[in-house]
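These protein sequence lines are chains P and F, in that order. Per the working numbering, the very first residue in the first sequence carries number 1; after that it's consecutive. Per the working numbering, the very first residue in the second sequence carries number 1; after that it's consecutive.
What the hints contain is simulated information worked out from the structure, not anything from laboratory work. Everything numeric in this text was worked out from a predicted model, so none of it was measured. Keep in mind that the hints are not guaranteed to be accurate.
Derived DEER-like restraints, expressed as beta-carbon distance ranges [said to hold, decoys possible]:
no. : chain 1 : residue 1 : chain 2 : residue 2 : range
1   : F       : GLY16     : P       : THR77     : 46 to 54 angstroms
2   : P       : ASN29     : F       : ASN65     : 25 to 33 angstroms
3   : F       : SER84     : P       : THR28     : 23 to 31 angstroms
From the three backbone atoms N, C-alpha and C, an ideal C-beta is built for every residue, glycine too.
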Amino acid sequence: EDKVVQSPLSLVVHEGDTVTLNCSYEVTNFRSLLWYKQEKKAPTFLFMLTSSGIEKKSGRLSSILDKKELFSILNITATQTGDSAIYLCAGLNAGKSTFGDGTTLTVKP
Amino acid sequence: NAGVTQTPKFQVLKTGQSMTLQCAQDMNHNSMYWYRQDPGMGLRLIYYSASEGTTDKGEVPNGYNVSRLNKREFSLRLESAAPSQTSVYFCASRDRGRETEAFFGQGTRLTVV
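In isolation and in its complexed conformation, chain P is listed as follows:
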């Protein structure tokens, strides 16, 4: 059975801190690892990682995949209160995505 585990489950930081969110996966016929941000409603897409060792970056957010060790990290630098959300990762194969339980990030002013 496919499995995706995220850690920590929750995290409280102050504005300006840097955070690292972790995602490990066991997905048969693995193709890609996806990160989503979920605020009040539906998840919104952040990154898709397919190749090992290539960092993807968008503003203060960056992510990298290690296909040998079967994990990914999502980094957020200089956090802002608007970064408060649930961050979900998902392992994708040809048929479907398997999601982790998410990391709830709270950024305090």
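Dock chain F against chain P, hints included.
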């Protein structure tokens, strides 16, 4: 651009009642999915349809049925609702065969009393 549209947005059911959640996408995607999200549980896959005419069980299919009516529409039916089915339900679609993100509907908040 509509993307993925779910109806209804909110629903309250009594135990034993039935209902169908509707989902439609206008992106010509092959694959469609139904998830439920409970507090602290992330998204759990109920059923998915890799292409028109096919459906498969996900992690938590018990108590649900689905219909892939055509390429656009994928409905989720609760035949006899139970309080354990109180959750937020998300429909999503993806372009199968390409490594792409999934696009989500805005969710249906279902309460079974």
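Going down the list of hints, with the structure as the test:
One distance hint, 46 to 54 angstroms for the beta-carbon pair GLY16(F) and THR77(P), holds here, with the actual separation near 52 angstroms. At about 27 angstroms, the CB distance of ASN29(P) to ASN65(F) agrees with the hint of 25 to 33 angstroms. Between SER84(F) and THR28(P) the CB atoms are about 28 angstroms apart, so this pair conforms to the stated range of 23 to 31 angstroms.
Comparing the model with each numbered hint stated earlier shows that all of them hold.
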